[in-house]
Amino acid sequence: MIGRLRGVLVSKQPPWLVIDVGGVGYELEAPLSTIFDLPETGREVTLFTHYAVKEDTVALYGFLRESERSMFRALQKVSGIGAKTSLSVLSGATVDEFARLVHSGDIAALTRIPGIGKKTAERIVVELRDRVEALGAAALPGFGNRAVPADPVSEATVALQSLGYKPVEVTRMVKAAAAEGDTAEAIIRKALQAALR
Numbered sequence: 084m085i086g087r088l089r090g091v092l093v094s095k096q097p098p099w100l101v102i103d104v105g106g107v108g109y110e111l112e113a114p115l116s117t118i119f120d121l122p123e124t125g126r127e128v129t130l131f132t133h134y135a136v137k138e139d140t141v142a143l144y145g146f147l148r149e150s151e152r153s154m155f156r157a158l159q160k161v162s163g164i165g166a167k168t169s170l171s172v173l174s175g176a177t178v179d180e181f182a183r184l185v186h187s188g189d190i191a192a193l194t195r196i197p198g199i200g201k202k203t204a205e206r207i208v209v210e211l212r213d214r215v216e217a218l219g220a221a222a223l224p225g226f227g228n229r230a231v232p233a234d235p236v237s238e239a240t241v242a243l244q245s246l247g248y249k250p251v252e253v254t255r256m257v258k259a260a261a262a263e264g265d266t267a268e269a270i271i272r273k274a275l276q277a278a279l280r
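Quick note: the sequence shown uses the working numbering, first residue 84, plus one each step.
One thing to keep in mind: the hints can contain errors.
Said to hold, decoys possible - Listed below are the simulated DMTMM-like cross-link pairs for lysine to aspartate or glutamate, each with C-alpha atoms no more than 20 Å apart in a straight line:
#, residue 1, residue 2
1, Lys137, Glu112
2, Lys167, Glu263
3, Lys201, Glu180
4, Lys167, Glu110
5, Lys137, Glu110
6, Lys160, Glu205
7, Lys167, Asp139
8, Lys258, Glu238
9, Lys167, Glu149
10, Lys167, Glu180
11, Lys273, Glu263
12, Lys160, Glu112
13, Lys95, Glu112
14, Lys160, Glu149
15, Lys249, Glu263
16, Lys249, Glu238
17, Lys273, Asp179
18, Lys95, Glu127
19, Lys201, Asp189
20, Lys167, Glu123
21, Lys273, Glu180
22, Lys95, Glu238
23, Lys167, Asp213
24, Lys167, Glu138
25, Lys95, Asp120
26, Lys160, Glu138
27, Lys273, Glu252
28, Lys167, Glu205
29, Lys273, Asp120
30, Lys137, Asp120
31, Lys160, Asp103
32, Lys273, Glu238
33, Lys202, Asp213
34, Lys202, Asp189
35, Lys95, Glu138
36, Lys160, Asp213
Source of the hints: derived by calculation from the structure; they are not laboratory data.
Small disclaimer: the values here were computed from a predicted structure and weren't measured.
Produce the entire structure from the sequences given, and follow the hints as far as they go.
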């Protein structure tokens, strides 16, 4: 079991990261909340990890915060939710925001997250309502000095499509959210917040 990695951030191409640990490059899948709060490539990072083994695949997931990893694990205990949907949830809302939606039973907002239909949203509320307050701990502050991408709109578009939104939806979401001078992170956060309203 791999529980934590500390090494040099080699690349970040949402949703993928590569971390060099002693000359070995670990490829991890991570939610956008983690990717956006990482420093620029070439810097040392420490990530909490979740190691998953299935019949035909082995996967490693990375999280900047323990609360995100805990939520990721809790979500997968809900019938019908796998790793991809769990990452979409964490990419679309902070742990605290998601905990609030579950605690208030906001089915409509939950169904706006890619991969979650009405029945799945109802199961999430029933199965996680008692546990979300413990999981909704305050997140650690993010790292500063992130590099500004050359084309934030394109980066935001690719990231939203990787979450499962359709290209036509993404074009509309990005157009409505993007303002002059916005980073890709700002565009994506505004687009996802609008989608959850």
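Here's how the hints hold up against the structure:
Taken as a hint, the Lys137 and Glu112 pair is honoured in the structure, with Cα atoms around 16 Å apart against an allowance of 20 Å. Annotation: proposed proximity of Lys167 to Glu263 is violated, straight-line Cα distance about 31 Å (limit 20 Å). Annotation: proposed proximity of Lys201 to Glu180 holds, straight-line Cα distance about 19 Å (limit 20 Å). For the hint pairing Lys167 with Glu110, the CA-to-CA distance comes to about 16 Å; that is within 20 Å, so the pair holds.
For a cut-off of 20 Å, the pair hint linking Lys137 to Glu110 stands: about 17 Å separates their Cα positions. In summary, the hint linking Lys160 to Glu205 is supported, as the alpha carbons are separated by about 14 Å, within the 20 Å threshold. Between the alpha carbons of Lys167 and Asp139 the distance comes to roughly 16 Å, so the proposed pair stays at or under 20 Å and holds. Our distance criterion of 20 Å between C-alpha atoms is met by Lys258 and Glu238, whose separation comes to about 13 Å.
A C-alpha spacing of about 18 Å is found between Lys167 and Glu149, which places the hinted pair at or below 20 Å, so the restraint holds. For the hint pairing Lys167 with Glu180, the CA-to-CA distance comes to about 19 Å; that is within 20 Å, so the pair holds. At roughly 13 Å between alpha-carbon atoms, Lys273 and Glu263 fall within 20 Å of each other, so this suggested pair holds. Distance check on the hinted pair: Lys160 and Glu112 sit about 19 Å apart at the alpha-carbon level, within 20 Å; holds.
The hinted pair formed by Lys95 and Glu112 meets the criterion: a straight-line CA distance of about 10 Å does not exceed 20 Å. At most 20 Å may separate the alpha-carbon atoms for a hinted pair to count; Lys160 and Glu149 meet this at roughly 17 Å. A C-alpha spacing of about 24 Å is found between Lys249 and Glu263, which places the hinted pair above 20 Å, so the restraint is violated. For the hint linking Lys249 to Glu238, the alpha-carbon distance of about 15 Å falls within 20 Å, and the restraint holds.
Of the pairs offered as hints, the one joining Lys273 and Asp179 holds, with about 17 Å between alpha carbons and a cut-off of 20 Å not exceeded. For the hint pairing Lys95 with Glu127, the CA-to-CA distance comes to about 13 Å; that is within 20 Å, so the pair holds. Using a Cα cut-off of 20 Å, the hinted pair Lys201 and Asp189 holds, with the two alpha carbons roughly 11 Å apart. Distance check on the hinted pair: Lys167 and Glu123 sit about 25 Å apart at the alpha-carbon level, beyond 20 Å; violated.
Using a Cα cut-off of 20 Å, the hinted pair Lys273 and Glu180 holds, with the two alpha carbons roughly 14 Å apart. Note on Lys95 and Glu238: the hinted pairing holds, with a Cα-Cα distance of about 11 Å set against a maximum of 20 Å. Taking the CA atoms of Lys167 and Asp213, the gap is about 23 Å. The hint is violated against a cut of 20 Å. Taking the CA atoms of Lys167 and Glu138, the gap is near 17 Å; set against the 20 Å cutoff, the hint holds.
The suggested pairing of Lys95 with Asp120 holds, with an alpha-carbon distance near 11 Å, which does not exceed 20 Å. Of the pairs offered as hints, the one joining Lys160 and Glu138 holds, with about 18 Å between alpha carbons and a cut-off of 20 Å not exceeded. With a C-alpha separation of about 14 Å, the suggested pairing of Lys273 with Glu252 holds against the 20 Å cut-off. Under the criterion of a C-alpha separation no larger than 20 Å, the hint pairing Lys167 with Glu205 is consistent with the structure, at around 19 Å.
Between Lys273 and Asp120, the direct Cα distance comes to roughly 16 Å. Compliance with the 20 Å bound is thereby established for this hinted pair. Proposed proximity of Lys137 and Asp120 is contradicted: the alpha carbons are some 29 Å apart, above 20 Å. Taking the CA atoms of Lys160 and Asp103, the gap is about 31 Å. The hint is violated against a cut of 20 Å. Between the alpha carbons of Lys273 and Glu238 the distance comes to roughly 14 Å, so the proposed pair stays at or under 20 Å and holds.
Straight-line distance between C-alpha atoms of Lys202 and Asp213 comes to about 18 Å, which keeps the hinted pair within the 20 Å bound. Taken as a hint, the Lys202 and Asp189 pair is honoured in the structure, with Cα atoms around 13 Å apart against an allowance of 20 Å. Between the alpha carbons of Lys95 and Glu138 the distance comes to roughly 27 Å, so the proposed pair goes past 20 Å and is violated. Between the alpha carbons of Lys160 and Asp213 the distance comes to roughly 14 Å, so the proposed pair stays at or under 20 Å and holds.
Hint check: violations occur at hints 2, 15, 20, 23, 30, 31, 35; the rest are consistent with the structure.
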